[in-house]
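**Q** Chains as they are written, first to last, in the numbering used here: chain A, 1 to 320; chain B, 1 to 507.
Think of the hints as simulated: they come from the structure by calculation, not from any bench. Keep in mind that a hint or two might mislead.
Partial selection, computed: residues in chain B whose CB lies under 7 Å from chain A [to be verified]:
(1) Ala145
(2) Ala309
(3) Ile333
(4) Gly336
(5) Pro341
(6) Gly352
(7) Leu364
(8) Met462
As the structure is a computational prediction, the values presented were derived from the model and not from experiment. We put the beta carbon where it would ideally sit given N, CA and C, even for glycine.
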Amino acid sequence: MTQLTLGRVTADRDRLRRLLQDYGVYLGVAVLLLVNVAFTPHFLSAENFRTQAVQVAPVLIVALGMALAIGTEGVDLSVGSVMALATSLVSLYLGYGPWIALLVAVAGGLVVGLANGSLIAFVGVQPIVATLALMVAGRGLALVLLPQLKQVHDPGMAALGSGAVLGVPYLVLIAAGLALLTAFVVRRTTFGRQLLALGDSRPAARLAGLPVRRVLILVYAASGAFAAVAGVLATARLTASDPTSLGTLMELSAITAVVVGGTPLSGGRVRIGGTVAGAVLIQLLTATLIKHDLPPSWTQIAQAVVIVLAVYAARERGKR
Amino acid sequence: MLSVTGISKTFPGVRALDGVDFTARAGEVHALIGENGAGKSTLIKVLTGVYRPDPGEGTMTYDGAEAAFATPLEAQHAGISTIYQEVNLVPLMSVARNLFLGREPRGRLGLIDFRRMHRAADEALRELGVRVDVRRPLRELGVGAQQMVALARAVSVDARVVIMDEPTSSLEPREVRTLFGVIRMLRERGIAVVYVSHRLEELYEICDAVTVLRDGRAVHTGPMAGLDRLRLVSLMLGREAGEVREEGRTEFTGGHQVTDAEPVLSARKLTARHHLREVGLDVRPGEVVGLGGLLGSGRSGTAKAIAGALPLDSGTVVVAGAPVRTGSTPAAIRAGISLLPEDRKAEGIVPGLSVRENIALAALPRLSRFGLVDEARIDRIVDTFIQRLRIKAAGPHQKVGELSGGNQQKVLLARWLAMHPKVLLLDEPTRGIDVGAKAEVQRLIDELAADGLGVLLISSDMEELIEGADRIVVLKDGAVVEELTGEAVTADRLMRAIATAPVGGPA
């Protein structure tokens, strides 16, 4: 009898943990919103929401690609450097018009992603090592192309950075569009299913005849392209190209957003909605602490606490 | 020297060892044999302190005194050395450093005295008849030489018991000779050697005594000399010759309608280093061909090679008259070959995905348009197979990892049947699944053959093999030794074939 009740209690606790893991991030966002509504002056203004959303957009876009990489039991550390590379390329090619500059920048990100993917899929290098190599090389290349900060004076870029449709900034629209696209790809395409399968069990995927290499290469190519888009958008918003500092530590923010959003590092699962919420959660957390005049170091500690909580909630799944 | 009496080890739901007696005597090479899951590795792990035996049952004595090792390190310090199949040394360190890892000779200031270490290492290896530069990193050595280093390490730590787990599985014949020389030397020094292997020739050549494990029990212990080969095989497989009932133990009806048609699958001269030597076989449409042999005889390797999952050095695979590129799983699948792997959990199912996604996995490209998944078609196919194979799940969206073994196997079968294969390779399709599901899977194999599929069946369950197969190709040490057809498909003939020495000598 005791055994039986015990079993039921653990089952209940398991369910609770699973709920927390799946929806905890939304709960966190809700709590932070309520706290801010109650205690932060001028929080409930359209202007404030716009600022927050614009700030979170590049992080979110990078996190989308990161979620795909993590879904294959990998990681992409080169995203920050790809942003830097993108900002250098944009600056260099703006003479040919903003569209050309944007295309060149995204192509640059794709090339870095393809290099990552090829190292991982064909050479068999661990994702963390391969993308670390490209992280170093990418930033180096960015600085060779554009050794120092350069102001961007281009009406097109300025419009991209600060324009809006019906009060919604372009940046936010683009981020939302890419999030929807990624969610669609994960849920509805062959590629998405294959990605999840090989993330969950590489040997089984191989024996089932899945194009493991192709999927891996595409995943890292997508991550590179997303990071490049984020780099272009960040450049447009700041109206400056700064390859020295743009995107530094971006890989950590992106990984945090993905993990806090409930995507397990062990692969086989990609939660795009959770990733969006994860990015928003971290943005809100930072904003809250800053608004209440706490030093920036507190933000980092708070982020650390959130990560630990997320990993704790995901613990059981890893053990299975 | 080292002995256990009445020892047991229980895991949740499994009694891996059940009252086992085992004694390794000084100056004796003792063979420990048994099929998969017989309890060999568990026994070794109990002997070496990795597992603790069930308390209150049985005793363990070492060197005349009662002993219990809490950790592998404790067992090592007491003088029990283990050499695993996969050498567990540090590949990037030099040979000498590996030999003396953790007990390096020290000079003044406590620094490693490299000169002394290199000299001592050189001597230790020379004694074993191995000449290598001890300064080179270990990984530059061949597998055989690495094993020798492991052995030299075992000997130089003053081991009194040396346990070898399939030491010859990746050695060249010449290296096997060296190894045997070393084993004989250990025996003369009064060291107790426990030798795990499935190669009968080796056992007869090097071992003095043998213990056969089966289903967690020691079913036979005695001297190696004078033990009949056939008797040894039947002890391992758990069947007295002639005892196997050939009717009614399984769901197989036997005798499929085999046409004289051209073979749907023919494999020729499949050769892969350390795995296969010129294996050839044919499967005709509607035929179930069994692969017989002991563990490690190359049964799974043959299946994997045909399915493109084992790289081949040479050999050809032809499906329905068309040659298939070897070494490529997608190519094999496109040609109509489907493999149900032996390790269902690690290589078959994708545990975190649903029943539905698992069934659709291999066929996804066919069930999509422009890369978009056609959900309605998948639903139809999944529903069909769940009904046809009677897959018991809470629904198509339940995770496969949560299903029973039998239902997982059915999901995998469905995954492949959705591909409309021409050839099905089934590696232990009924191992570890309950009786009911087993019967269903067997019935299904019959049905599929009746539908004209060519089936290659691997099974350690003798009844299943004898009753299921129309023909049995017997493998030994990676080569085909005999083919049993028609009336000759009996347990007796199968065991005789396994027990007979191969023509070419050991691999």
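**Q** Now tell me, hint by hint, if it's right for this structure.
**A** These are the hints, each one checked on the structure:
no. : hint   : verdict
1   : Ala145 : violated (25 Å)
2   : Ala309 : holds (6 Å)
3   : Ile333 : holds (4 Å)
4   : Gly336 : violated (12 Å)
5   : Pro341 : holds (6 Å)
6   : Gly352 : holds (4 Å)
7   : Leu364 : holds (5 Å)
8   : Met462 : violated (27 Å)
Hint violations for this structure: numbers 1, 4, 8, all remaining hints satisfied.
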